[in-house]
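Trainee: Just need the whole structure built from these sequences, with the hints factored in.
Under this note's numbering, the first residue of the sequence shown is numbered 1, with each subsequent residue one higher.
Hints are computed from structural coordinates only; laboratory data are not their basis.
We put the CB at the ideal spot given by N, CA and C, even for glycine.
Careful, some of the hints might be misleading.
Using C-beta positions, here's what the derived DEER-type ranges look like [to be verified]:
{"#": "1", "residue 1": "E40", "residue 2": "K96", "range": "20 to 30 Å"}
{"#": "2", "residue 1": "V114", "residue 2": "G157", "range": "37 to 47 Å"}
{"#": "3", "residue 1": "K170", "residue 2": "L103", "range": "35 to 45 Å"}
{"#": "4", "residue 1": "N155", "residue 2": "P45", "range": "34 to 44 Å"}
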Amino acid sequence: MNVFVLNTGRCGSTTFVRACRYISNYSAGHESNIHCVGVERLAYPSCHIEVDNRLSWLLGRLDREYGDRAYYVHLRRDRESTARSFEKRTNFGIMKAYREGILLGGLEQHSPYVTALDYIDTVENNIALFLKDKTNKMSFRLEHVDTDFPRFWRNIGAEGDLEAALLEWKTSHNASV
Numbered sequence: 001m002n003v004f005v006l007n008t009g010r011c012g013s014t015t016f017v018r019a020c021r022y023i024s025n026y027s028a029g030h031e032s033n034i035h036c037v038g039v040e041r042l043a044y045p046s047c048h049i050e051v052d053n054r055l056s057w058l059l060g061r062l063d064r065e066y067g068d069r070a071y072y073v074h075l076r077r078d079r080e081s082t083a084r085s086f087e088k089r090t091n092f093g094i095m096k097a098y099r100e101g102i103l104l105g106g107l108e109q110h111s112p113y114v115t116a117l118d119y120i121d122t123v124e125n126n127i128a129l130f131l132k133d134k135t136n137k138m139s140f141r142l143e144h145v146d147t148d149f150p151r152f153w154r155n156i157g158a159e160g161d162l163e164a165a166l167l168e169w170k171t172s173h174n175a176s177v
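Mentor: Here's what the structure looks like:
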């Protein structure tokens with residue numbers, strides 16, 4: 001079974017994949033196929049955990065390829081904290097792409113914080129709509145990692161070193177706020 005961790009970014013996704021590397025019966029990757037197009041973009045090995053916030057823009061294709069045969073995690077963090085983190089990254093990455101490609105320069109009319117909130121709401125709603133008919137899914141809150149990660153571990157039948165994986169969450173990776 002494949003596992004997809006859907007998220008906005010700036011919500012613990014880098015730490016999530018680092019913790020998953022303590023799972024011995026799954027491979028784990030972070031944005032593994034971001035430079036691929038066509039069928040290669042969603043071509044992951046079986047028993048693989050993929051953490052990639054850009055998958056929220058490919059949900060139709062993800063549904064066609066994996067449908068209800070995969071396990072989906074909706075990784076979330078407090079909305080305001082996520083927006084404050086994105087606010088510091090307004091001129092690169094997904095925020096630049098959203099502002100310039102989707103909003104066509106929306107920064108002139110709105111602050112980086114307001115733009116980040118709009119991005120978060122858009123992605124969160126896309127993910128919620130995608131997951132509404134999926135049977136193999138869970139909501140994962142960064143604020144509840146001590147209970148949510150062990151539940152995730154059990155749900156996918158993970159094997160390996162859960163204690164070491166939980167310790168990984170004690171370190172902030174790729175942090176800006």
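Trainee: Of all the hints numbered above, which does this structure not satisfy? Sort the numbers upward.
Mentor: The structure breaks only hint 4.
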